[in-house]
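Chains A and Z supply the protein sequences, listed in that same order. Sequential numbering of the first sequence, starting at 1, is according to the numbering used here. Sequential numbering of the second sequence, starting at 1001, is according to the numbering used here.
Everything labelled a hint here was simulated from the structure, so no lab data went into it. A couple of the hints might just be wrong.
Claimed, not checked - DSS-like cross-link-like pairs, simulated, lysine-lysine; straight-line CA separation at most 27 Å:
#: 1; chain 1: A; residue 1: 2; chain 2: Z; residue 2: 1063
#: 2; chain 1: A; residue 1: 157; chain 2: A; residue 2: 62
#: 3; chain 1: A; residue 1: 177; chain 2: Z; residue 2: 1203
#: 4; chain 1: Z; residue 1: 1046; chain 2: A; residue 2: 2
#: 5; chain 1: A; residue 1: 2; chain 2: Z; residue 2: 1564
#: 6; chain 1: A; residue 1: 48; chain 2: Z; residue 2: 1201
#: 7; chain 1: A; residue 1: 177; chain 2: Z; residue 2: 1164
#: 8; chain 1: A; residue 1: 49; chain 2: A; residue 2: 157
#: 9; chain 1: A; residue 1: 132; chain 2: Z; residue 2: 1306
#: 10; chain 1: Z; residue 1: 1203; chain 2: A; residue 2: 48
#: 11; chain 1: A; residue 1: 49; chain 2: Z; residue 2: 1201
#: 12; chain 1: Z; residue 1: 1564; chain 2: A; residue 2: 110
#: 13; chain 1: A; residue 1: 171; chain 2: Z; residue 2: 1306
#: 14; chain 1: A; residue 1: 2; chain 2: Z; residue 2: 1050
#: 15; chain 1: Z; residue 1: 1063; chain 2: A; residue 2: 49
#: 16; chain 1: Z; residue 1: 1203; chain 2: A; residue 2: 39
#: 17; chain 1: A; residue 1: 49; chain 2: A; residue 2: 162
#: 18; chain 1: A; residue 1: 109; chain 2: Z; residue 2: 1306
#: 19; chain 1: A; residue 1: 162; chain 2: Z; residue 2: 1306
Chain by chain, the residues:
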Amino acid sequence: MKTTIFQAIRLTILTLLFFSGIYTLIILGIAQLAPNKGKGESITVDGKKYYTNVGQSFTDDKYFNSRPSAVNYNAAGSGGSNKGPSNPDYLAQVQARIDTFLVHNPGVKKEEIPSELVTASGSGLDPNISVKAAEVQVNRIAAVRKISVDVLQQLIKDNIEKPLAGIFGPKKINVLKLNLALDNLK
Amino acid sequence: MNTEILGVVAMFVLTVLLAIPLGKYIGKIFTGEKTIFDKLFQPLEKLFFKLSGIDAAQEMNWKQHLVALLTINLVWFLLTLFILMNIGWLPFNPDGNPSMSPDLAFNTTISFVTNTNLQHYSGESGLSYFGQLTLMLLQFISAGAGMAACAVVFTAMKEKTTDKLGNFYNYFVKSCVRILLPISIVVATLLVFNGTPMTLKGKDQIISMQGDTINVSRGPAAAMIAIKQLGTNGGGYFGVNSAHPLENPNYLTNMAENISILLIPIAMIFALGFVLKRKKLAWVIFGVMTLGFLFFLIPSIALELKGNPAIDHMHINQALGSMEGKEIRFGSAASAYWGITTTVTSNGSVNAMHDSFTPLTGMFTMLGMMVNSFYGGVGVGFLNFYIFIIIAVFISGLMVGRTPEFLGKKIEAREMKIATIIALLHPFLILTGTAIASFLYAHHPDTYAGWLNNPGNHGFSEMLYEFTSSSANNGSGFEGLGDNTPFWNIACGIVMLLARFLPIIGPVAIAGILANKKYIPESAGTLKTDTLTFGIMVFAVIIIIAALSFFPALTLGPIAEHFKIY
Chain A
1 MKTTIFQAIR LTILTLLFFS GIYTLIILGI AQLAPNKGKG ESITVDGKKY YTNVGQSFTD
61 DKYFNSRPSA VNYNAAGSGG SNKGPSNPDY LAQVQARIDT FLVHNPGVKK EEIPSELVTA
121 SGSGLDPNIS VKAAEVQVNR IAAVRKISVD VLQQLIKDNI EKPLAGIFGP KKINVLKLNL
181 ALDNLK
Chain Z
1001 MNTEILGVVA MFVLTVLLAI PLGKYIGKIF TGEKTIFDKL FQPLEKLFFK LSGIDAAQEM
1061 NWKQHLVALL TINLVWFLLT LFILMNIGWL PFNPDGNPSM SPDLAFNTTI SFVTNTNLQH
1121 YSGESGLSYF GQLTLMLLQF ISAGAGMAAC AVVFTAMKEK TTDKLGNFYN YFVKSCVRIL
1181 LPISIVVATL LVFNGTPMTL KGKDQIISMQ GDTINVSRGP AAAMIAIKQL GTNGGGYFGV
1241 NSAHPLENPN YLTNMAENIS ILLIPIAMIF ALGFVLKRKK LAWVIFGVMT LGFLFFLIPS
1301 IALELKGNPA IDHMHINQAL GSMEGKEIRF GSAASAYWGI TTTVTSNGSV NAMHDSFTPL
1361 TGMFTMLGMM VNSFYGGVGV GFLNFYIFII IAVFISGLMV GRTPEFLGKK IEAREMKIAT
1421 IIALLHPFLI LTGTAIASFL YAHHPDTYAG WLNNPGNHGF SEMLYEFTSS SANNGSGFEG
1481 LGDNTPFWNI ACGIVMLLAR FLPIIGPVAI AGILANKKYI PESAGTLKTD TLTFGIMVFA
1541 VIIIIAALSF FPALTLGPIA EHFKIY
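Just chain Z, with the same shape it has in the complex:
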């Protein structure tokens, strides 16, 4: 078989094989069972709790969880904003890079606090090493916060009536220390041994073979790249992210990084199975997500391998596929695989330029973000999926004429209202944002001429992609967009903020309310949620909500472009 395809298959199979035991381990951490690493990590966690004055055994209800989560996020926001606006004079700045402008710092801070990692700056020139390391902190803790919120929902889904849902700080610190930290160390080690820089020295000046003087950017990159992948952050060290030959030097590092993108999102589903002791439910959810994922992946790989038809018209050899914006060492198949994995998981790191993908691959990357729950971000991906489950349960209940129940709890008007608002928030933010941007561009083409790098439908796609990426907390971009302007910095900042916290608050609230309700034991009349039929139902709900909401916009962008060149 073709070695490019074989590489992609190997990556996916390895990911799933690693995710199953990891899911079991995560499940044990969330339920407080013993694991073999307790002796190693317990002292460290105790130190964290003791010095912060936190009693990690204190049980919280869902409202207390949200207060703790939102408060600590506010602290992160203020701290990061201060640092980014002052990196010019703060230490660890060997290249003498300047402080960020207020609007760029606003955007970047929100971007990293919300686990988005949209980058309107370029790492080499826009940040000091101190700034990079601060953002790396957020890559750990924003991922940890997402996992903690997910742990709250898992706990609430158990078959009992309670308002005690564990301790937020306990879930949060354990997610960071016991899950993200050890795997990051493993991945970073693999990277430094394969040539990724990890140094505090500044740029290195060399003379090329043809006699040009070149300053090669370096820095403490390996540490950041590991956590950027594992925490579905995606914010790269260098401007072009994992397409950069120092950030991702060879096919082995590419496999390791790409496996890291999907690993924890998939493991979280298996963790759910272990926490609830409902392995079948976990497999149904995994099945639905994987079906959707393959639905985006397979055509994308095929299209990229086939090449750009407009270049075919020039009668040259496109044996390697569409190579604009791609690296030789990865090839078209692994670039398309990365493109889809990074968008379905809200990661947003890239190893090829999405702006230069063929139109429909570009559309599938957008659809991955529009659905945002075929695996989804660490923790939050399941929260999004949970909303779709609630809606599917409700619709199924109406179809068969029974009171909708999910895992023994009645779903009533209040939960449905929350679920509907959250499900509609995502299309609302994306489409409204794109509409405003399009209006401004169309009515003031001279003022905003610097925005678009490509004319016509593709230019529209650039704007649509940017808002989709912001709202999905993804962070990748059609990078041709000239996005470091006050409009894009502020608009995307607001979208990221709303799209991060409302979809955390909603599911936690629903789960918290449901946990408080009386448990109804299963009977013959219960709608079973761990069946193929229900899986198809959820899949249909997702497709209808995503397809109906976004189809018109996609028609104006990638679909129109596709028909232009094919």
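If we strip away everything but chain A, and leave its shape as in the complex, we get:
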């Protein structure tokens, strides 16, 4: 028994050194070869750095709005609402978001609001919206920014990210990139 215990302790220490230490160092080494050196993908615009994969809160009428977030896009943490599909408080909250959206986007019919614009994402940091969710906001942004609708439609088209290899998964739009491009329109 004594031998078994000492063998177990020694083997545990060795695995700790190897899997927590050396394996981590191997992956850290490989990360140095990656384009972003393992620090998360980012872009710098006008000296300001943004993480392209980490969603930001866009609530201004002049920007394409991002999805609701249970953690208000605070990337120090992360979290979903964890509301069940039948929860009355939750459903009231969704209804309120629909009403708010209609106020900010006069002329849009209820049936045109994509549900992802009034439901919170899983991470609270969703960087994407669907193409429809961008299109439904075009009229509002055109009015606020005094840009033609056609220019905005084209901007959306240019920013569509196709499914993987063209056939796997949904197509989507990165809200941050779209809004950066929007600010660039002059």
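Since the structure of chain A is already known, use the hints to place chain Z on it.
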């Protein structure tokens, strides 16, 4: 065809195509045959054995295997408990996160030692990098221990009479070094090249376009995410696991991670076929498991794509499906696929919030954990299935009036007693735990008001899910549950502990006892186990045990909720 469905189909087909050759490779490792990677890994293994004073050639009987397994697990438990309660002052803590409270450390330690990875903390604020890397060690070795136990059962199922079943440390170290390590390196590499962080730097402060100051959490995530998927651990780096855009940045990483979830559990079945030289038996087992898996998967995808009827009543556009708790880059189909794959395999990582799934999808994720052997966890999934095989053999034997035999060994009272106890342990732990929690909540609603995030039937589902996940060593949750309290930390800790080790001890004991028995050659009267008929028999046994035990509880939770909103 719809690109969301196509993505899901591609993931499953790729998994099976990769699992067949991997199964052959695992089979060779367990039987000690030569493989092309011997030169690469042998020196490393020899170093491990030499420095630990282990003779890896020494054969063990089933009791010695269990002693070795339980002893090393005790060492892991004590070491991890110490580290988690002291991360505050230990190194690699750039964000200055505090040490864990004793009850949370107790829960977290058991959770990772038992391959469960239930997380009552959030990675960004609850752990230092040192703590994360220690838990990553457990993701390797707890998976390796499960595979080693499975290797013992495989060896014992061979057609001979023996009590010599190989060496535990040999199976364990080889599973970690030759199987988990190389595949983890491949997956982690793919992740870092797609934007998953792998750095020892702390949080990064940026200013958003709208002018908010944000601290973006980072860390050595890629290394951990690879092994969390491959070892059916599931414990994520960030709080929301693989829903986090840094943990799972795009559809390619989602495919890679999701394939990793199912890969080794499926490969283990094919490994069985190679070890026993009974490929047909492996295909029958794979067929039964896949049938059960699809039975959960297809309705779940359909329901999530269709959307939440309560939101339909608001007359908005639900073209993408039920999007609460889901990410745009994965979509409803891939979220439902992940939800089912992660629960049938005892993985427990998530890419969407299970609490917000439509009621019946929530039920299917629970059923996946209640059965816990439609693929199941690495190694232990087959052990659970083995119990159901033993029961099916026994019942079939009674039905046709013959002595029950499995692979040439007579199954008698002692083995059946063990099998029955193990089969009933799982429902016992889940239902008793949920009953106690419900009683406390119902009688002291003020004291425990913080527990439930949702009222009514869904609140009951949150509690049922937590115990199911603990007992299945899964680790996912209906995360609305306020679970970082002494009750949940301690109750789930005890459940995880019992539900991990008894279902390892039981099958190893049965297999060990059977291996010792006289081999009876096949004759015309032998019940053949590699046939469609027997496959259906096993499937029926699983459905009856799972359905009969859990149906009443499911009626109170997800089924009632379903009828409320449909």
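Of all the hints given earlier, name the ones this structure violates by number, lowest first. 5, 7 and 15
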